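According to the working numbering, the sequence shown is numbered sequentially starting from 3.
Since the hints were derived computationally from the structure, they do not count as laboratory data. None of these values were measured; they are calculated from a predicted model. C-beta: ideal position from N, C-alpha, C; glycine also. Incorrect hints may appear among the rest.
[Stated by the list, open to error] Below, in silico cross-link-like pairs of lysine-lysine (DSSO-like), each with a Cα-Cα straight-line distance of 30 Å or less:
(1) Lys191 to Lys645
(2) Lys123 to Lys191
(3) Lys199 to Lys549
(4) Lys191 to Lys549
(5) Lys123 to Lys97
[To be verified] Pairwise CB distance ranges, derived in the manner of DEER restraints:
(6) Lys191 to Glu256: 44 to 50 Å
(7) Asp249 to Gly382: 49 to 55 Å
(8) Leu537 to Ala35: 18 to 24 Å
(9) Asn586 to Ala340: 17 to 23 Å
(10) Glu608 to Thr484: 26 to 32 Å
(11) Arg354 to Pro585: 34 to 40 Å
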Amino acid sequence: MRTEQVTCPLCEATCGLDVTIEGDRVTSVRGDAADVFSAGFICPKGASLGALHHDPDRLRTPMIKRDGVWESATWDEAFAEISARLLPIIAEHGKDAVAVYAGNPSVHNTSTALYGRVFFKALGTRNFYSASTVDQIPKHLSSGYLFGDPMSIPVPDVDRTDYLLLLGANPLVSNGSLMTAPDMRGRLKAIQARGGKIIVLDPRRSRTAELADEHHAIRPGTDALFLFALVNTLFADELVSFEHLADHVTGVEEVRALAQPFTPEAVEPITGIAAATIRRLAHDLAAAPSAAAYGRIGTCVQSFGTLASWLVDVLNVLTGNLDRPGGAMFPLAAAGQANVEPGRRRGFAHGRWRSRVRDLAEVMGELPVATLADEILTPGEGQVRALVTVCGNPCLSTPNSGRLADALGQLDFMVSLDVYLNETTRHADVILPGPTALERPHYDIALYQFAVRNVANWTKAALPTDQPQEWQTLLRLTGIITGAGSDIAAMDDFVATQFAARTGVEPAADLTGPERLIDILLRGGPYDLTLADLLDAPHGIDLGPLKPRIPDVLATPSGRIELAPPPLTEDIPRLVAELTNVPNGQMVLIGRRQLGSNNSWMHNLEPLVRGKNRCTAQVNPLDAERLGLTDGSLATVRSRTGKIEVPVEVTDTIRPGVISIPHGWGHDQNGIRMNVATAHAGVNSNLLADELLVDALSGNAVLNGIPVEVSPG
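Make the full structure from the sequences, and use the hints.
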């Protein structure tokens, strides 16, 4: 029996785990008390890592669909099938005829995070889509224009703040999001223990709201109005104080003028938050010794997602809380940090190309997934005829997902890198599986860029495997596209040489794959670390609290925080028009986070789905009485795109006029091989999400505030 230290890859918290193994069996998973970041914290997802490893439904060999029947295949057979069917499509119709969809798990996997970009670049398609446009792309867009880099996203310095304003976030369940922070319950309680306050704006009284000092049940989709009213109050009551930021900000007077229509009285009837409360919160925020405003997925997946994301940082700037201890700060990761070049003046732009059918703008090299079905179903030059999915399940996680599922059935060819035959991969022609999380090394190349404390931790593979690592699979696919063949070692050497050239260091001769790339990035990073240093520190290395990074972090053309960038402020007239949009009694749909799942992941693990059905429609008692709904009965919920029947849960934790159904369920489709998930199928709430409803600036899907009709089932 032995115990290995592993960084959990199942959510953004990056918790350290002690995994006990006997032979080839995982016998226990516990929190690693010596981990420098998580200090022994563990959630149900991390505890299920052994169940995930041993899941009998996981694919362990490539699969090829022949005449509608799945057959196990060798790796050579699978790659031969891809070459024979994908290359002719590219030759006849061009690279844009192939689309890519990358799911959330690809970010939590070092192989796909590092080598996915190699394959995607080789494909050269403009039809790149990801889960980001049903999640966080508005925050990247606003940060790009404010600070010059879309990865320059300030995170709350939760370990030192005195006042935390949370909007559209439930970090006790998500363990942070664009805020890597294990044990958020402990961190939030520590704020209160030192005399600080936590304020939550959320249509639901979530687990985080239950812990908070104040909870205000805002009307879904109105966060930008509420935030602008706070900004209005800061100016009107002379509470603006830049302190250390005075020489690093432009556009303040423009923001003052833009905020004028959004008085607390003007937004009160729309948001449901009293004008007096808005004013008090603005005064409290300004008066706190240190404070941070933080908005997450609920602020992004709405029709004003980019403006709401922008206004969160406007608040942090106007109160002098950006880039100071206890405020909102810029992490500095040990490897792969995107914004470490002082003096950059590149600036940021989006819309470098637009989607063929709906003319939606590109952001960070990707198009909104809300239009992927359009690109498949609409004939003409540039029509998508083939699709590659990488660790994603868009048939459950994207708007009007029923239409997308129909579209996938019309593709000429589809290949999926995935470990399950699920709602999306059932449409594929070839499935290429990867090793389990315990069979591959890991470094959180993406998530440490959003960590509330600077840390570094390398996980070596805890168990051996005969399966190719995903980086090898991606290089083999790259060889097919480029004609480089199957010499993975030569391609890996080339990739390492490119990484080394960008960082100014020489590749280590004794390393390959992700180990070599991470070593390059560490040695070229800001802390003078090597992979060997991390191998000698199985519980991680603590690099200290967040530190001020302005002006070096700024990459805008002016070298300052550009507080009123025209590409963002041009959308404000649309927000002004919302001031006349008084609620008319229409029920609106929102999602909700659940501790035991991460979107559609992990529903095939018995430890995470046991107990009562969590896929329910939560409604307020007033709405239940008005609509004729009773606890435990079925409700029919309809939108423009479809209808579902879902069990009712009557609860006063939800605001009147709102219905909440969790996202990522609906495992009742024919052709999937996920026995546990099928037995706990739930319903797919994204059958109700409307692909035509998007944030105008980013194209991000609107998943909160969807108009619906609700009746007894």
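- Query: Measuring from beta carbon to beta carbon, are Asn586 and Ala340 in 17 to 23 Å?
  - Reply: violated (44 Å)
- Query: Per the hint of 44 to 50 Å, is the separation of the Cβ atoms of Lys191 and Glu256 within bounds?
  - Reply: Cβ of Lys191 to Cβ of Glu256: about 40 Å, so the range 44 to 50 Å is violated.
- Message: A range of 49 to 55 Å was offered for this pair. Does it hold for the Cβ distance of Asp249 and Gly382?
- Response: holds (52 Å)
- Task: Would you check the hint for Lys123 and Lys97, treating anything up to 30 Å between C-alpha atoms as holding?
- Result: It holds: about 11 Å lies between the C-alpha atoms, which stays within 30 Å.
- Query: Lying within 34 to 40 Å: is that true of the beta-carbon distance Arg354 to Pro585?
  - Reply: This hint holds: roughly 38 Å between Cβ atoms.
- C-beta pair Glu608, Thr484: status relative to the range 26 to 32 Å that was hinted: Violated - the Cβ-Cβ distance for Glu608 and Thr484, about 43 Å, lies outside 26 to 32 Å.
- Message: Tell me if the beta carbons of Leu537 and Ala35 are separated by a distance inside 18 to 24 Å.
- Response: Given about 20 Å between the Cβ atoms, the range holds.
- Message: For Lys191 and Lys645, compute the direct alpha-carbon distance and say whether it is at most 30 Å.
- Response: violated (41 Å)
- Below or equal to 30 Å on CA atoms is what counts here, so check Lys199 against Lys549. Answer holds: Lys199 to Lys549 is near 23 Å, not above 30 Å.
- Message: Tell me if the straight-line CA distance from Lys191 to Lys549 falls inside 30 Å.
- Response: holds (23 Å)
- Message: Does Lys191 sit within 30 Å of Lys123, going by the straight-line distance between their CA atoms?
- Response: violated (45 Å)
When the structure is compared with the earlier hints, violations turn up for hints 1, 2, 6, 9 and 10 and for no others.
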